[in-house]
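Q: Here the protein sequences come in this chain order: E and H.
Following my numbering, the numbering of the first sequence begins with 1 at its first residue and continues without gaps.
Following my numbering, the numbering of the second sequence begins with 1001 at its first residue and continues without gaps.
Any given hint could turn out to be false.
[To be verified] Not the full set, but computed from the structure, chain E residues with beta-carbon under 10 angstroms of chain H:
1. Phe89
2. Ile91
3. Phe113
These are calculated hints, taken from the structure and not from any lab test.
Just so we're clear, the structure is a prediction, and the values are computed from it rather than from any experiment.
No residue lacks a Cβ here, since even glycine has one placed at the ideal position from N, Cα and C.
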Amino acid sequence: MSAPQAASRRPEERDVPAAIAREADLIHRILFGADAPEALKRRYADALKSAPDGADALDGALFERNGDLEAIEFALRRKNPSNALTRRFRIMCYLAEVEAEYFAHFVAERNQFSAGVGALLRAGMRAVYLGMKGAYLARRYGLR
Amino acid sequence: MASANVIIVGSGAAGVAAAYALRGRGVLLLDVGARPPASALKNNFYELRRDPGPVDLFGELIGNSFESLHNIFHPYLSPKLKAPGMKFVLEGAERLAPLESRSFEAAISFAAGGLANAWGAGLYRATDKDLKGFPIGARDLDPYYDVLTEKIGISGDDDDLGRYFGAARGLLPAMKIDANGAALLGRYDKRRRALNRAGLYIGRPRLAVLTRAHDGRPAYGYEGLEFFRGDNPAIYTPALTLKEMIARGEIAYAPGLLVERYNESGDEVRVLARESAGGARRDFTARRLILAAGALNTAKIALNSNDDCDTRLPLLDNAVSYIPLIDPRRIGAAFEKEFFAAATLNAVYDGPLWPEPVQMTLYGAAGTLRSDFLFDFPLAARDALAAAKYLTPALVIAQLFYPDAPAATNYLRLAPSGKLELAYEPKRRGALEARLVKLFRRLGCFGLARFCKHLAPGSSFHYAGGLPMKSAPRTGYETDRSGRLAGARAVYIADAANFPALPSKNHSFTMMANAMRIAAEVGRTLP
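Bound conformation, chain E alone (with noise of 0.2 angstroms):
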């Protein structure tokens, strides 16, 4: 009897290019909270890859300051909402988004309405925040 097929076709086993599989990481830390699988970078290296614009359209040392990169994206997002950076971090949602592991992160699977209401609260007071935060960065940085 042979084996079931996985869920979703793994990619190719093949490495990711360190600044590339660095970028997965550390957005993948942001949204989730830990590094992202490999077959995951794969997969974000050949969305990038199939992208119009490519990986190079963002100035990698952006991911090599150690600055508050969910603050400047959102700083980013809030002036233009297809920049390069917001760009990569939907990739990531999508990418993650169909893979059972992440069901959770994205669907309620009981009621939780005080959960949700706290949850909607703390996310208004991080977007004032965030905001303020996020926009001092980029200014720094000269990102537009």
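With chain E's structure known, arrange chain H on it following the hints.
A: Then chain H, alone, in the frame of chain E:
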């Protein structure tokens, strides 16, 4: 050279309805006819995502060419049309029907079944008020609405929207509604009188979705997969009737052909086509020609046939706005396993802010990927993710379609390059949306007018008007009430190109009924 009694061009909603009226009478249907890929998606949208089993969820939901990431890098395409399983709907359009347009984002389909493969399945009868400016009335269409209702199997109700949606004859029982819809409808029932005085009416949609087995097709199972697969037999699309007529030998079907022009000589119409793959020329003749290639393509064929790069033809489109609303009581609610991903309810605004009734579709966001909209929240990325999780169950989106009438600024023309040139002045919107935000507040749904989205012209996919029906046509690009092009002997227009105006109400059902009416008239002229 192949010949037929009647050649029909295009297999969308109008072409198939015309063919259905003339089936068995020597019909040849010419079509490009892209087909959907086989979908492996079964079960339910959420169960699949929690436990995909052997299903390649990445391939089905994102696509091996990253199709679902389309809106990250390209102009907005509805979540349904960018899904990998729905890619066939627009396949080949850029090559086969190149456009020159700065302001109009047109979607053209060459698929078997046309744009209706991705429709929301809402089918509504037009009233006389909707047909203002048409040389026909609702009574002319009623017999054809009845035949189509029986053939398609339309679910719905006769409620507060009955006065806008026309007769409820032959409807199947209405669909189950989701928790958001049920809550909204319950509150509407309690405040009906005050809301009606303010011009707001709410009721159940009429949908081409089976609530019980019908005509050999099963009842809908509330899988919620509508955004990702277009081949659920419980949801009617014209492709089903096309397949059925071909299988029964009731029509001849020639796919892989792009019709470019026609000319009339003597008792014949000659139709000139090219193979959509290789480009080889193929000619056909018929006694009658019915054009139903989609409003834009049909107008292009007419202009091309006259080698006319000067005339500007009217271009109509339903301007679209989205109003996002939150029902706070539903924040953090658990996902519903069984739901329909398209219309939950309909609403009509019939008040002082707009001269004609404006129809809305209300739906939730449960049937799409959260990633489609989570970065629209004005929150930092991690919080946007949490908001998508907790707010999505509480989200109700009202989609408005504005009616349209001809205007000098809105036109289509055949450019000397052979491309179709489209020009359209975007409408100013906002006042009605702001009013509706206030009205929905009375129903416990909260929104802000500044979060409303006004989509670019062309985003409705409801195009019309190039070759309008008139009581007394004045130019060779108008048709009489039988759909016959003025100046032509045997060329008929059956799709929405013949609409002299575009009501707010989804026009698909009226286009189909009118196509049947025109085909029946054509049938009467045949020897």
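Q: Give a verdict on every hint.
A: For each hint, the structure was consulted:
1. Phe89: Hint holds; Phe89 of chain E Cβ to chain H Cβ min 5 angstroms, cut 10 angstroms.
2. Ile91: 6 angstroms, holds
3. Phe113: Because about 4 angstroms separates Phe113 of chain E from the closest Cβ in chain H, which is inside the 10 angstroms limit, the hint holds.
Of the numbered hints stated above, none is contradicted by the structure.
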